[in-house]
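The residues making up each chain are set out below.
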Amino acid sequence: MKRKHMTKKTKIIIIFSLLILGVFTVVQPVSQVSALNGNTLGRLQEKASDAAEKASNQLTKIQQRGDAMITVRLTSLQNLLTRIQNDKKLSADEKTAFQSDINTTIASLTALKTKLDADTDATTALADAKSIVTSYRIYMIFEPKIRLTIIIDNLQSATTTISGLITKIQTLLDTLKSQGKDVTTSQNALNDATTQVNAINTILATDKSLVNGITINTANPQSIFVQVRKDLATVRADVAKIRSDFATIRGNVKLLINVKTGAATTSAQ
Amino acid sequence: MDPESGQRNFLQKHKFTVISLLIIILAAIPLLLLSNTSRQKKSSQSVSQITPSPTATPLTTQNVDPTLSQTDTDMQTTLNQMDSDIKAVGQIDASQDSTSGL
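So the protein sequences, as listed, match chains Z and F.
So the first sequence is residues 1 to 269, counted in our numbering.
So the second sequence is residues 1001 to 1102, counted in our numbering.
The set of hints was computed from the structure by calculation and includes no laboratory data.
Mixed in with the good hints, there may be bad ones.
As the list claims (entries may be wrong) - Which residues of chain Z face chain F? A few of them, derived with a C-beta cut under 7 Å, are:
| id | residue |
| --- | --- |
| 1 | 16 |
| 2 | 133 |
| 3 | 135 |
| 4 | 137 |
| 5 | 140 |
| 6 | 158 |
| 7 | 166 |
| 8 | 168 |
| 9 | 239 |
| 10 | 241 |
| 11 | 253 |
| 12 | 255 |
Unchecked claim - Computed list of lysine to aspartate or glutamate pairs in DMTMM-like fashion (alpha-carbon distance at most 25 Å, straight line):
| id | chain 1 | residue 1 | chain 2 | residue 2 |
| --- | --- | --- | --- | --- |
| 13 | Z | 241 | F | 1093 |
| 14 | Z | 177 | F | 1065 |
| 15 | Z | 168 | F | 1065 |
| 16 | Z | 230 | Z | 192 |
| 17 | F | 1087 | Z | 192 |
| 18 | Z | 241 | F | 1072 |
| 19 | F | 1087 | Z | 87 |
| 20 | Z | 168 | F | 1093 |
| 21 | Z | 254 | F | 1072 |
None of these values were measured; they are calculated from a predicted model.
A virtual CB, placed ideally from N, CA and C, is assigned to each residue, including glycine.
With the rest of the complex left out, here is chain F (with noise of 0.2 Å):
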């Protein structure tokens, strides 16, 4: 029997199978570079939110001096930012929620 001819019968007898299987292989690498994808966005998200904690770093005699300078101008920021705040709440007009001009 010709062993080429043998491959043709086998691939002729059989070529709804492999026809299947080449689809499902086909449909299977995307779905595979999907769900590869949303997994590294997921990893990549959890790492983003993951805040770094202050006491993480110990302090030492080398980064006392920065580490505190840097302490003091975020104070000032938080405090210009309260200060910015508490004056856009002194600025409301609450007069406007009175119903005596309707």
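Chain Z on its own, in the form it takes in the complex (with noise of 0.2 Å):
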């Protein structure tokens, strides 16, 4: 009889120790991952936090970087417009088509500006700025461009003006001629000015046609603005020729008028 009564006291001490043993074994794994759960997530909110801060830092980064970009850009185009305006040689028409092409490009450049600033993300900040390069190509191609053909269209009003007087030269050698003069020197060098003349002509139209034909999508710009470059040190020299050609004419018309033909002496109007 004692014995049945310890063994149901051992019994019951057995299932309580079991039952303790057992809550032990299930809340000590539960607290322990309970703890490293806070942990974890405490982690990853650090981490989510500093990729959050680092998000922002390179997109404020881009857009100081976008921004700088657009402003030299806005400052070389305004000192475009600057060159146009005081030119002394371009006609209204010219000037007006620049400065066109030239506000368009501050116009659309400005509004990128507004654009990337405001810009949320990265990505789309990275496109932006990326853009300010490729779809204007300002130092590239749109400067050399526009500053090239400002050249191409003085020298081509020079040269309107120089055959306007190659022409009056002609008239007053044709009068000089019919008073008796021998003008054989002052044709010579009237007949290489118009050469010479013909001859810019014929290469700065080839290079205005080349220049304009450039776009943002041209393969080798740089080729082509090496070439004009050689054409327009061409040109300079044969400039140089008809200065010497008028300057031949300029001596002999002198002692044309002071020869002594027959009566006459000096009117050859």
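These two chains come separately, so use the hints to put the complex back together.
Here is the structure:
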């Protein structure tokens, strides 16, 4: 009987012990997991916060860089506008065309700056910043193209004036010739000047067409610019020949005016 | 009938017509002045837009030397401007149009 009672008591103790053990077995890992989870979440939150800060910093950097790129381009374009406004040879139509082209680009870049500043993610901002370069090519194409076109237009304007003068000189030489004066030297110089003007006009027309044909999609615009600059060196040499021809004509006509041919002396109007 | 009272009657009778006519006349004066000014402006603009033709004056033994001298100076000015522009083209830093730094 005593043995039976002991057995029951022992059973109760064993059951309790098992229950307590069970509770410990369950509670401890749960508490450990919970603690672990708390740490991991904290770390994850920290990581997320760091990533967000990094993304924000990256966006700010891209926006600042893009803004700086647009600012230097706008300054260059303003300088171009000033160059055109101060030009004395370009016609009103030519000036308007250049100014319109430049002002359109200024407006587009300004709009792009507004968009870039309002971008909220680095990927979009980066695409916008890249388009400052790829959509405009201000330094690779736009500015050299405009400046070379201005040079060509100015030279074309100068050759138009020279051509008009050549016609007038020819009339004067014809008059002097009709008065019996020997205009051979002047005539040869004038013929050479005419040849040079024609050569210059051909070069300028070709180059203007080449430069006008350049777009932001042109594969190798630099080769065209190099060619045009070489041609301008040729034009410079041709202009030097014309100046030399005109100097010859000036000297020769002075002599002819003072040469007496029969009764006539000077008036060759 | 008293002519003065007749005149007064006329004015009284047609006072709105007279006032309206006066207003129209007063309004027309500045309009006429404005249209005249704009016409003058237009004509002065068209005068300033006309560039003298290089062949306007005939070349004579009297003006050939100064004309050629002036042309020579103009050519030198054009060449100087060309040199300055070519220099400006040469100074353009095309490497700024690179996306590699982005």
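Ascending list of hint numbers which this structure does not respect: 1, 3, 7, 10, 12, 13, 17, 20
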